[in-house]
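Start from the sequences, fold in the hints, and give me the full structure.
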Amino acid sequence: ELTKQCGSLGYVAPEILNGSPFTSKADVFSLGIVFYNLVSGQKLFAAAKRIDLLNQNKYLKPCEIIMKEVLPISKIGLDLLLQMLDVRPDVRPSAKECLEHEWFKEDHTTLQNMINGSRLNKTEKPQDCIDDGVVSFID
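Residue -12 is where the sequence shown starts when you use the working numbering, and the numbers rise one by one after that.
Read the hints as simulated data drawn from the structure, not as lab findings. Among the hints, erroneous ones may be present.
[Stated by the list, open to error] With a straight-line cut-off of 27 Å between C-alpha atoms, the simulated DSS-like cross-links for lysine-lysine are:
1) K83 x K36
2) K30 x K45
3) K83 x K62
4) K83 x K48
5) K83 x K45
6) K62 x K92
7) K62 x K36
8) K48 x K30
9) K30 x K55
10) K55 x K45
11) K48 x K62
12) K92 x K45
13) K48 x K36
[To be verified] Pair ranges (Cβ atoms, derived):
14) C50 x K83: 32 to 40 Å
15) Y46 x P8: 14 to 22 Å
16) R75 x C(-7): 40 to 48 Å
All figures in this text were calculated on a predicted structure; none of them were measured in a lab. Cβ atoms here follow ideal geometry from the backbone N, Cα and C, with glycine treated the same way.
What follows is the structure, given as structure tokens:
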């Protein structure tokens, strides 16, 4: 169990935002959001105001958002993404379990293509995609 509550808004696991005990699986949730950003070319949670971003991150269920979309990813890749973004940390896989997921074995070519070709909006500069708002949730 970890103790320091911190993270970047829009990428923080719900258990951290709710003040619940958390483990390194909170990082898997954050990586799931990065995974979604890479696959979709957009942010999972996006808002102009920090409070709106915090509320989206805290209350919206990523899996419900994703299931409404058509993503350019295989079913097995979607399975991994949904597991990583499960709001229940006891169900969410560990980092090791993610790396052992079938997607890394079966979709190796797709993964390599994603690494070689960015899906970022071509009008965005790389620095526009970096969230520099690290926030500590400890009073």
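To see whether the hints hold, each was checked on the structure:
Between K83 and K36 the alpha-carbon distance is near 35 Å, which puts this suggested pair outside the 27 Å criterion. A threshold of 27 Å between alpha carbons decides the hint, and for K30 with K45 the separation of about 15 Å falls inside it, so the pair holds. Proximity of K83 to K62 is assessed by CA-CA distance (about 20 Å); at most 27 Å being required, the pair is judged to hold. Between the alpha carbons of K83 and K48 the distance comes to roughly 24 Å, so the proposed pair stays at or under 27 Å and holds.
The hinted pair formed by K83 and K45 meets the criterion: a straight-line CA distance of about 26 Å does not exceed 27 Å. For the proposed pair K62 and K92, the alpha carbon gap of about 14 Å is at most 27 Å, so the pair holds. For the proposed pair K62 and K36, the alpha carbon gap of about 34 Å is over 27 Å, so the pair is violated. For the hint pairing K48 with K30, the CA-to-CA distance comes to about 14 Å; that is within 27 Å, so the pair holds.
Between K30 and K55 the CA atoms are separated by roughly 15 Å; this keeps the pair inside 27 Å, and the hint holds. The suggested pairing of K55 with K45 holds, with an alpha-carbon distance near 19 Å, which does not exceed 27 Å. Simply put, K48 and K62 have alpha-carbon atoms about 20 Å apart, close enough for the 27 Å limit, and the pair holds. For the hint pairing K92 with K45, the CA-to-CA distance comes to about 33 Å; that exceeds 27 Å, so the pair is violated.
A C-alpha spacing of about 19 Å is found between K48 and K36, which places the hinted pair at or below 27 Å, so the restraint holds. One distance hint, 32 to 40 Å for the beta-carbon pair C50 and K83, is violated here, with the actual separation near 22 Å. Range check, Y46 to P8: Cβ separation about 20 Å, and the 14 to 22 Å hint holds. Against the hinted window of 40 to 48 Å, the Cβ-Cβ separation of R75 and C(-7) comes to about 21 Å, which falls outside the hint.
The structure is inconsistent with the numbered hints 1, 7, 12, 14, 16, although it conforms to all the rest.
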